[in-house]
Amino acid sequence: MEKGLLTKSEIDALMDLFETQQPRQRAADAEPAAPGVEVGALKTRLETMAVQWSAALATLTGRPSKVSLRTILRVSVIAAEASDAYYRCEMPRECYLICPESFVNFVNEKGLGALEEIPMTVHPLSAIDRALFESTGSFMAEGGRLWHVEKLPSWKPVIEARFDVEIVPLLRTTLRLVTDGQSV
Amino acid sequence: MTPRAKKTRFIAVTSGKGGVGKSTISSNLALLLSLSGLKVAVFDADIGLANLDVMFNVSAPRNILHVLKGEARLDEIVVPVRDNLLLIPGESGEEIFRYAQPGMFERLMRDTVGLDDIDVMLIDTGAGIGEQTQRFLQSADDVIVVTVPDPAAITDAYATIKVTARRRKTIKMILNQVHSAKEARNIFAKIEQVAKLHIAPDLRLELLGELTRDEKVAYAVKRRSSFVRDFPRSRPTKELQIIAQNIMAEIDRSVRVNPNESGIAGLFKRLMEQF
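Here the protein sequences line up with chains V and R, keeping their order. The opening position of the first sequence corresponds to residue 1 in my numbering, with each subsequent residue numbered one higher. The opening position of the second sequence corresponds to residue 1001 in my numbering, with each subsequent residue numbered one higher.
Simulated from the structure, these hints should not be mistaken for lab results. Values in this document were obtained by computation on a predicted structure and should not be read as measured data. Don't take each hint at face value.
Stated by the list, open to error - Dumping the calculated DSS-like pairs for lysine-lysine here, alpha-carbon to alpha-carbon at most 30 Å:
1) V/K66 x R/K1190
2) R/K1069 x R/K1269
3) R/K1169 x R/K1039
4) V/K8 x R/K1190
5) R/K1007 x R/K1269
6) R/K1007 x R/K1169
7) V/K8 x R/K1182
8) R/K1238 x R/K1182
9) V/K66 x V/K8
10) R/K1169 x V/K8
11) R/K1196 x V/K8
Stated by the list, open to error - If we take Cβ atoms under 7 Å as the criterion, some of the chain R residues that face chain V in the derived model are:
12) P1151
13) I1154
14) T1155
15) Y1158
16) A1159
17) K1190
18) V1194
19) H1198
No residue lacks a Cβ here, since even glycine has one placed at the ideal position from N, Cα and C.
Whole structure, please, built from the sequences with the hints as guidance.
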């Protein structure tokens, strides 16, 4: 891109489309209260996972990447969301990763590029499953593989965690991990 | 008697970044327009990355560069893809301009016999805001910027719009790989809002249409086929048909002009005028 072609206000305005959080806004969205003991243990595991994700994404994209746990919603409900990609971990207990489609596109393109050979009806999982789920170690390892799902089971009680993901200055987005109580 | 020919509509298809489906849209759009009865040519002007011969699954041993070097005639490099659909293979846009000489246009004019009745020429340009790509954009009647709902793609598409708007007040967009028409409208509305505020209040952006994300498109590309042919009832095909209809609505096939305003010669005349 031509140097200085776009102003910061132009970029910020465009990135409003992608849940872009400015530092000031992010601080306002911070976890409202200190977690209890149980949540604290969960938080440690999720923060460890975020570090693993950072390393995996950096390897994939060849760029500095930072994933940080933003907040844990101890009990939430799944609401239908448009324009995101839902991945279900292949394990008896339900576990979902919710990625903004733009993030999936970016990682797939910058990471591995070519999509896997696919039957017509199966989503071409490529970089995301390897980078994120296979890097989560014991937390998700039992799941093995990920499958794309059309939509999440609606309004089911879940534990939900949100992660801020920064790969390049222009790509700051939010991943969500949704799982039932047994998975953590 | 002065020879008469159709007035060719030059439509440049471009993008801010690569990999957003520009060539897939160009090739499939060309096919739909040709099926409607229009005579269509596709000029592969993707700088250094010309690949439409691969997408059309045809062999193109020689390209426009051979013509400019005097190694082949224009009619020898043009590849008939199907009835009413021609491919003008490209190689390197940069080299094209290196060989642009004063006598080139006259030589091309002599070579355009049989190629002067083209209704629509789609110019599949390179991605980005480079000087060569901009020359093609400024030479076209219409500019279509393709993007996907990806932060980097949208930012680069906006940058392309910003540069192109220095000399053009109407730019069209196609939103590719969206989940819904609503998503496309939302993204377009944001780009339009930012553009009017930061580029020019009188800039006219038009959403030509959207293509829903569908694995059938990638499947057809891998088979070096066209999704509109392989999956005629798929949602992306229907959406591209609407886009084709919008384009056809703006083409006045009744206008007949001098042949130097038509076909590939007309395009190169416009390109030369920018030097």
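Hint check results:
no.: 1; hint: V/K66 x R/K1190; in the structure: 27 Å, holds
no.: 2; hint: R/K1069 x R/K1269; in the structure: 17 Å, holds
no.: 3; hint: R/K1169 x R/K1039; in the structure: 28 Å, holds
no.: 4; hint: V/K8 x R/K1190; in the structure: 16 Å, holds
no.: 5; hint: R/K1007 x R/K1269; in the structure: 14 Å, holds
no.: 6; hint: R/K1007 x R/K1169; in the structure: 22 Å, holds
no.: 7; hint: V/K8 x R/K1182; in the structure: 27 Å, holds
no.: 8; hint: R/K1238 x R/K1182; in the structure: 16 Å, holds
no.: 9; hint: V/K66 x V/K8; in the structure: 21 Å, holds
no.: 10; hint: R/K1169 x V/K8; in the structure: 23 Å, holds
no.: 11; hint: R/K1196 x V/K8; in the structure: 16 Å, holds
no.: 12; hint: P1151; in the structure: 5 Å, holds
no.: 13; hint: I1154; in the structure: 6 Å, holds
no.: 14; hint: T1155; in the structure: 6 Å, holds
no.: 15; hint: Y1158; in the structure: 6 Å, holds
no.: 16; hint: A1159; in the structure: 5 Å, holds
no.: 17; hint: K1190; in the structure: 5 Å, holds
no.: 18; hint: V1194; in the structure: 5 Å, holds
no.: 19; hint: H1198; in the structure: 5 Å, holds
Hint check: no violations occur; every hint is consistent with the structure.
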